[in-house]
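Peer 1: With these hints in hand, go ahead and build the complete structure from the sequences.
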Amino acid sequence: MDRDEYGSLPRGINHIGLTVDDLDEASAFLAKGLGARWCYDGLTRDDAPRQGPEVERQLGLSEGSRIVRQRLMRVGNGPNIEIFEIEAVDPSRPLRLEDRGWNHISIYCDDIEGALKRLVAAGAEPLSDVHGNSRHEDTDGNGSVYARPPWGGLIELQSIPNGYYYPDDSEARTWVPETGGGT
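Residue 780 is where the sequence shown starts when you use my numbering, and the numbers rise one by one after that.
Everything labelled a hint here was simulated from the structure, so no lab data went into it. Just so you know, not all the hints are guaranteed correct.
Said to hold, decoys possible - Per label pair, the in silico range of CB-to-CB distance:
#1 PRO870 to ASP948: 19 to 27 Å
#2 TRP881 to VAL955: 15 to 23 Å
#3 GLN837 to PRO858: 18 to 26 Å
#4 ASP948 to GLU804: 42 to 50 Å
#5 PRO858 to LYS896: 18 to 26 Å
#6 GLU866 to GLU904: 22 to 30 Å
Think of the CB as a built atom: it goes at the ideal place given N, C-alpha and C, for glycine as much as any other residue.
Peer 2: This is the structure we're talking about:
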């Protein structure tokens, strides 16, 4: 286990948070479009909503907003996706790539064309055809494409079957999900 002066270093990304208007619709999209599997519901309609000044302070919610549903799903062998259905006092539009803050998730695919067809069948809108990746990701057979899911935001599909190449002074190699999905 790697350590520094503060203790052990983080293992990696545990989950990515996603807020949607309709948790069931988003779950169905993720299942159909990405093969996501349900892990658990942290908050259901049968539970009291998470709300009030303490929740607003802890989670950075706007005053009066409340979490009414929460679900965890898993896509293959990578970070989990935590989905929130929140009744917000003043909901904003989804972030775009040029907006500050976290703006997209990237899903590694062995068959990017098939993955794009699956996303479109689930209701996503591709922004373009599959195209080449950026420097260090542009090895033979690579591809990338962004798509917009029904709730907005961006999902990138990416394939780099022949690996990355790195500058001589690179400090680490990128993490790539293992073949075969997760348990």
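Peer 1: Could you see if the CB distance from PRO870 to ASP948 stays within 19 to 27 Å?
Peer 2: violated (44 Å)
Peer 1: How does the Cβ-Cβ distance of TRP881 and VAL955 compare with 15 to 23 Å: does it lie in that range?
Peer 2: At roughly 20 Å between Cβ atoms, VAL955 and TRP881 fall inside 15 to 23 Å, so the hint holds.
Peer 1: Determine whether the Cβ-Cβ distance between ASP948 and GLU804 falls within the hinted range of 42 to 50 Å.
Peer 2: With Cβ atoms ~46 Å apart, the hint holds.
Peer 1: Mind checking the hinted window 18 to 26 Å against the Cβ distance between GLN837 and PRO858?
Peer 2: Once the Cβ atoms are compared, 22 Å apart, the range 18 to 26 Å for PRO858 and GLN837 holds.
Peer 1: Please test the hint of 18 to 26 Å on the beta carbon pair from PRO858 and LYS896.
Peer 2: Cβ of PRO858 to Cβ of LYS896: about 24 Å, so the range 18 to 26 Å holds.
Peer 1: So the hint says 22 to 30 Å: do the beta-carbon atoms of GLU866 and GLU904 match that?
Peer 2: Cβ of GLU866 to Cβ of GLU904: about 26 Å, so the range 22 to 30 Å holds.
Going down the numbered hints, you'll see the structure goes against just number 1.
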